[in-house]
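Q: Take a look at the letters that make up each chain.
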Amino acid sequence: MTSFPIPVLSILTALPVVGAIALLALGNRNKNLVRWTALAFSLAALVLTLILWSHFDTISGALQFQERNTWVAPLGAEYHVAIDGLGLLMLLLSSIVVPIGIFASWQIQDRVPLYFSLVLLLQACLFGTFTALNFFHWFIFWELSLIPAFFLIRLWGGANRTKAATQFLVYTMVGSIGLLLSFLALFLATRTFDFADLATLAQHGQLMPAVIDKLAWRHVTPDHVAIIVFTGAFLGFAVKVPLFPFHTWLPSAYSEAPTGTTILLTGAMSKMGVYGFLRILLPIFWPQMQVVLTPLLWLAVATIIFSAYAALAQRDLKRIFAYSSINHLGYCLLAIFAVIKFTGGDAALTGEKYAAMNGAFLQMFNHGLTAATLFWFVAILEKRTGGLRSLDDFGGLRKVAPVFTGLMGIALFSSLGLPGLNGFIGEFLIFKGSFPLVPWATSLAVLGLLTTAVFTLGILQRVFYGPLNSQWISFPDLTTRERLALAPAIGLMFALGLYPQLVLAVVNNTAIQMVEHFKF
Amino acid sequence: MTWIVQYLWLIPALPILAAGIAALLKQRSRIPAASLAIGSMAASFLLSLCAFAHVLGNHSGDGIQVFNVRWFQFGNEWLKLGWMLDPLTAVMLVMVTFVGLLIFIYSIGYMEHDENFTRFFSFLALFAGAMLGVIIANSLLLLFMCWEIVGLTSYLLIGFWYANPKAAAAAKKAFIVTRIGDLGFLLGMVWLYAQSGTLLFYDAGAGCLEGSSLAHLVARTTILGLTLSSAIGILIFCGAAGKSGQVPLHVWLPDAMEGPTPVSALIHAATMVAAGVFLIARIYPLMAAHAGESLSPTVALQVVTWVGAITAVFGATIAVAQYDIKRILAYSTVSQLGYMMIGLGVGGVAVGMFHLITHAFFKALLFLGAGSVIHGCSGEQDIRRMGGLRKYMPITFAAYAVGMLALCGFPLFFSGFWSKDEILSAAHTWSISQVPFFMGAFGALLTAFYMTRQVYYVFAGSNRLASASYDTPLASDFEDPGHHPTHLPHESPAVMTIPLVILAAFAILLGLIGTPAWPWFQSFLENKSAELSFAAFSNPGILPVMISSSLLVFLGLGLGWYFYGRRPIAIAESTDALATLQPGVFTVLGDAYYVDALYAATILRLNAWSAAASAWLDQWVWNGVVQSVSYFVVGIAWIDNFIDSGVVNTAFDSGCQTASRGGQLLALLQGGRVQTYLRLIGCALVALVIFLLWGAKA
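These protein sequence lines map, in sequence, to chains A and B.
Per the working numbering, residue 769 is the first one in the first sequence, and the count goes up by one each step.
Per the working numbering, residue 23 is the first one in the second sequence, and the count goes up by one each step.
Hint data in this document are derived by calculation from the structure and do not stem from the laboratory.
You may find that some hints are simply not true.
Said to hold, decoys possible - Pairs of lysine to aspartate or glutamate residues, derived as EDC-like cross-links and limited to a Cα-Cα distance of at most 20 Å, are as follows:
{"no.": "1", "chain 1": "A", "residue 1": "982", "chain 2": "A", "residue 2": "962"}
{"no.": "2", "chain 1": "A", "residue 1": "1167", "chain 2": "A", "residue 2": "1114"}
{"no.": "3", "chain 1": "B", "residue 1": "188", "chain 2": "A", "residue 2": "1160"}
{"no.": "4", "chain 1": "B", "residue 1": "188", "chain 2": "B", "residue 2": "404"}
{"no.": "5", "chain 1": "A", "residue 1": "1167", "chain 2": "B", "residue 2": "137"}
{"no.": "6", "chain 1": "B", "residue 1": "188", "chain 2": "B", "residue 2": "618"}
{"no.": "7", "chain 1": "B", "residue 1": "413", "chain 2": "B", "residue 2": "513"}
{"no.": "8", "chain 1": "B", "residue 1": "48", "chain 2": "A", "residue 2": "1250"}
{"no.": "9", "chain 1": "A", "residue 1": "1167", "chain 2": "B", "residue 2": "134"}
{"no.": "10", "chain 1": "A", "residue 1": "799", "chain 2": "A", "residue 2": "878"}
{"no.": "11", "chain 1": "B", "residue 1": "188", "chain 2": "B", "residue 2": "613"}
{"no.": "12", "chain 1": "B", "residue 1": "48", "chain 2": "A", "residue 2": "1245"}
{"no.": "13", "chain 1": "B", "residue 1": "550", "chain 2": "B", "residue 2": "84"}
{"no.": "14", "chain 1": "A", "residue 1": "1151", "chain 2": "A", "residue 2": "1161"}
{"no.": "15", "chain 1": "A", "residue 1": "1151", "chain 2": "A", "residue 2": "1084"}
{"no.": "16", "chain 1": "B", "residue 1": "188", "chain 2": "B", "residue 2": "136"}
{"no.": "17", "chain 1": "A", "residue 1": "1167", "chain 2": "B", "residue 2": "136"}
{"no.": "18", "chain 1": "A", "residue 1": "1151", "chain 2": "A", "residue 2": "962"}
Just chain A, with the same shape it has in the complex (with noise of 0.2 Å):
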């Protein structure tokens, strides 16, 4: 376990908050100065998890750099913060996101401080979400991340602002619910808060009695107990991923958003939930999700295939992009389930789970950069069209702007899966592990990938084929700025896709440990 001299993981939670007061304290009278500081604290956050990135001990995979500080002792609350792979993949996946959202964002005219100063109070909880191991400081930044993202939509969103925004605040909330009473169901019983605490717990099947001993309640049979408790926390995930049928909130909020923040939603904060499924629910919950696994699994088909489908159907661009980051996040979550489906040390199958847990590792990290870069591209086009984004708007732009539409069609095959990009190794190694473990939701989850085929094409097709539509003859090209801006995520599409090494030699320790320290 790395001791850094430093409270490295608190600062760098620290950083933006610091970063969001000092614009506040810049004032509305320079805005490119307000956008370039915002910039600039955005890739200092960058530089200092590309730092934690190259000091991570891989060998070990273990929970590193690690703080603990008793807080409340009575509450079980403890500041306790540390990372293993997973949470400095999330770490990283945050930090180049929101540069890219600070981009998007740059037409942004109206109380531009209060705008940049919420977007680094997101990433401030994002980290926080994603270095913190005991629930109740984990929860607080779970439950702030919302505060930011509803004044983002509702003070910079679209035509529907207020209702998305609303619709949004109550969905994650009343799942959120959910989440706090398990947990204080479970702190009645065992009087922690602490994740490893509750994980160890339940992998020596003591977690549940423990529960049950406190809560049984009359006319209620112990097993239902434990699943009640379960379903909970599963709807505070559910919802935040979200996973089908829970998934309503996403398209407005995704669309109304102003770009920039989509990208910030879809980007980063749709990983808080997969996160959770990972960090909190698969260590704590797998015995009741075995029991429940043949309904989790065909969730995880509805919205891979549902999803898919309802992109089919939508015309503007920002909905496409939302339903396909259902479809994405689906492939991650039916890797998660997949790997539940056999307990034991069965040498083969152990290694399909490797080989699935990598994969959504993989494709939490693939599907943020697209996604984000995909959406970047729409705030480009709106910027150009004054907010036009309907599929049915253009045609032919191909022969008026052919590098944004080469730079945009890589990000789109990206998210087709198209080898050599990297969208088509965390697919590769999900389809890989999860088929052997559950070969019925699997074969049915690849009509996703043909699915995701047709609409990506047909983005294509309508938007930059066909003969020109004379409405855009002036349409300008990327600028050198923009090309500048956006070569480093494709670039790193390429590397992903060319040496998924990269990110595998960080993360497959943490993968290994995860399914073997809890014997899936």
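Fit chain B to the supplied structure of chain A, relying on the hints for placement.
A: Then chain B, alone, in the frame of chain A:
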């Protein structure tokens, strides 16, 4: 380990690198882009020759040399990729780089006027690299990855004239239809991976095509009593069927003719569409894996054979009734790919691959010839408006005639005869059924017929280009947007005709390496040395099949002459001879058996319906539930509010008023006047004293 095996990766890497550089070049850098593409291809060709020579000189063992590298780690295992050099690889490498090189050169002339010339060469080079990657891959995963990139370049090149909505739609269709097959491929691949623990084909005994893995796969059965090897083989064959245009996934290939003609020649005739055949040849040990010493073909190979046979006849019948010069060739390609599949199914790798190689040359020749015709006729593609081109384009005509005779399988002198004959011989001796043989023979008859029809339409008689009215296009739009119709056909420049002549030479000569008397090609693929023996012709079954297939070819040529050659076609609007004879059948064939309409009415409609249903469910059901819950909550809140303000608050208010009144009363006592306080204290004191005295007395 010799250097050529170790550096075999350079063969695909060079074109890919060239593609990457050309993609970054400006549109006006035409010469650098073309030079990069052609130079890299020439280098790859030379390397392929080295590889070929190396294989020729290597007769040790099974002739397979591999080089595997680690790619990434998951869990405790490394995923390895690798490349391999064996006779199959060597033959394909030489064919693809050679044909590719010729087509690249030809493209300089054909694409001369195109504003996206630079992009064209970038895409072509990327295609060539990916295709070469498919060939050298020693890992099913690497093969699949290159396979998908080949699909991408096919998409890009079919849609090259993107402003044309038909091209855009055709490109999308090609990608989607082949991806349907690829889903099977993907599932087969992960299944194979799970069962074998590796996707390397050959890995010193541990590969998935080697003994222990195959023994494991044939020992297990799955649903319907299929052995695992056959089940996986059939799934992978789905991918091959998509790429190689087998029924029912053939629908994209004719539409793909919207792409520039060099693309049709390279990708949709010679190489990419043959990748499916190559894939089956590559995994042949899996497809043919037997449990024990059973002699009957595996289920997987039976599937391959039947699908191939159906496709062979299906494509050939449709080709009879087409008017677009490229669509005739496209359906012909579908049909010929069916032959290759029959060859693999009934005869083995060598039989299928021999036809693949000969077909690559003569079909590339035919497409380039068609391109030359289209170029010479200023973009015209409808054969009814051609005619008499023999006079205007003599070199193209001569080359085209060679290609046509090779495709028909004209006896003895043309390569197509030998390769097709071998397929038919093998089908004749197939142990399961004679039907594929008869289907193949019928297809051969049709092939000779439709090619004769096409050649008479295009090259014989008088020119009808000028007589045709351009106000009413007959079948197709003009292909090349850079051209304007001029009324005199002309021969193409040397940069286009020289590749034609070279290909024509090969279309004749290649037959010599695979005759029954000297089956060098077959022996080479099996890593044996061939011996010249004319006695082989007298082996049972060889001569009868040769003679009967020759007779069928003559019959086809004769029928073609009877319908189209006897009386020259006078005007473009005259009815086709077959259409006069059998209008109903001709219409059905002309519309390709309405397969596209059938798919539009079923699969596409189902797809659109699923999309609409999913969106509707989202909007009304799932969101509806949420809305209902929220309205319920709001309703409760409203009731709560009513209770609060109407009931609780009223009671509270009145309570407050009572309290307030009491307070006012009591407030009188607290007027702040000291006299009152003193008075009260005095009274209280008196009362206290009286109370205490009272207590004391008691």
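Q: Which earlier hints turn out false for this structure, listed by number in ascending order?
A: 2 and 18
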